[in-house]
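Asks: From first to last, the protein sequence lines are chains S and X.
To convert, count from 1 in the first sequence and add 12; that's this note's numbering.
To convert, count from 1 in the second sequence and add 12; that's this note's numbering.
I should point out that these hints are in silico values taken from the structure, not numbers from a laboratory.
Hints should not be assumed to be uniformly reliable.
Identical chains share a label here; the pair holds if one copy fits it or two copies do between them.
Unchecked claim - The calculated DSSO-like cross-link candidates involving lysine-lysine, where the alpha carbons are at most 30 Å apart (straight line), are: (1) Lys97 <-> Lys31; (2) Lys97 <-> Lys244; (3) Lys194 <-> Lys176; (4) Lys255 <-> Lys154.
Quick caveat, the model's predicted, so the values are computed rather than measured.
Number of protein chains: 2
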Amino acid sequence: MRYKIVMSYDGSNFSGFQKQPSLVTVEGEIEKALATILQEEIDIVASGRTDAGVHALGQVAHFDTDKEINDLSKFVYSLNSLLPKSIDILSCERVSNDFHARYSTKLKIYLYKIYLSKFNEPFKRNYYHICGYPLDVEKMQKACTKFIGEHDFKSFCIENPQIKSTIRTITDMHIDVKEDGKELDLYVTGNGFLHNMVRSIAGTLIDIGRGRFDVDYVDEIFASKDHQKAGKTLDGCGLYLLKVDYSQQN
Amino acid sequence: MRYKIVMSYDGSNFSGFQKQPSLVTVEGEIEKALATILQEEIDIVASGRTDAGVHALGQVAHFDTDKEINDLSKFVYSLNSLLPKSIDILSCERVSNDFHARYSTKLKIYLYKIYLSKFNEPFKRNYYHICGYPLDVEKMQKACTKFIGEHDFKSFCIENPQIKSTIRTITDMHIDVKEDGKELDLYVTGNGFLHNMVRSIAGTLIDIGRGRFDVDYVDEIFASKDHQKAGKTLDGCGLYLLKVDYSQQN
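Go ahead and model the full structure; you've got the sequences and the hints to work with.
Replies: Spelled out as structure tokens, the structure:
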């Protein structure tokens, strides 16, 4: 039987999602809790692996077990009581064996949070990219539209020989301005994301906002297919996996 | 020359304020940064020592040095660039030698944040006391008034033989309800606070809100002068030192 879980986590104190020997990871903690409850070794498959420091509000994973889980809400409750408080399982449901947390994904929504401040921001440091420069948000909004559509994102990711194609489609990308202009929330929705893609896009937008790059320079970065041409890849702490959408597949 | 600094810090990853060998503390980090800039050993004296996990938005300390600091805002900038991002020095000013961060205190304002939720709350766990029970806020507000005025707070603190008197005056205490009733912000203003006093008061209020204690039971706790009679002392992570007021003294 296959089960789908949706979870949120504060990535600040995890060495990323992926299980690694002798490191505390989200996957490691969840599989440990599942093994305790189900009394068998469980492998979870997530929609994607978030890096160290990256957060999630709606990460999705699936796992298989021979045991039937009758009371799903009680199961979620037990799981949460075993997990560290930095992880919260939001739901668990039975899905068909066709469902695959990674391959059935239709859309993913990421949020990258930027906070404009010259201070150390003790309470925001783990949850935002703190930017000490003033930014031209209008230019950044204009630049957002250049990313929408199908593009080769080779310049906006870390090269991975296992990935056949770096072509992806971004269906929506925009910035919500909050807190009297101090907070910039960058939303990126797409059919798939490459390693460091949102962080590299966010860094490029900041370079545009600071005036280091023109808006049209985005076209040049795309054309170059060279990651060195893009802006600095921003830190993981500003990034949130908001939602994974499977449409009618589950 | 005496200088007064005001600072905020996220207490989550500190072993409290007070310097301790081989532990990371707020005082330890600040004194290290001051020593680097001023090129001499500096002892800071704070308005009070916050426990592990306790936060501050307006903690105050003073220190003495023979060196005259000419550009105070540049000094603050240098200090912050040396400090971990979990500490932010908000200001530094020259004060008279009569000023004492601890003994000149007229009033202190504390905030204790409670969040009502049955979930793990990954993003709130370090910044709130998460309470899984429904609370009768009206009763808690009524109970607040019982604490206002001059009282012997012996029942609401950890005994400390070095403290001569446990009599303190609370001038204001109330709860602000936010987030559709899910967030309770308890504000406590007083002329002085004993060890664990706000956390013990907050725990007693929760026991009243849950129905374990009647509002009038507060009188009995005061009369007993027995810490065992009070509610559970809540965790440090919900507590914030908001402001230290020195009136016309600085």
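Asks: Could you run down the list of hints and mark each one as holding or not?
Replies: Checked hints:
1. Lys97 <-> Lys31: Intra 18 Å, inter 28 Å, cutoff 30 Å: intra and inter.
2. Lys97 <-> Lys244: between (32 Å within a copy, 20 Å between copies)
3. Lys194 <-> Lys176: So Lys194 and Lys176 fail the 30 Å test inside a copy (39 Å) and across (48 Å) alike.
4. Lys255 <-> Lys154: Answer is within; shortest intra-copy Cα gap is 24 Å, inter-copy 43 Å.
Taken one by one, the earlier hints fail for this structure only at number 3.
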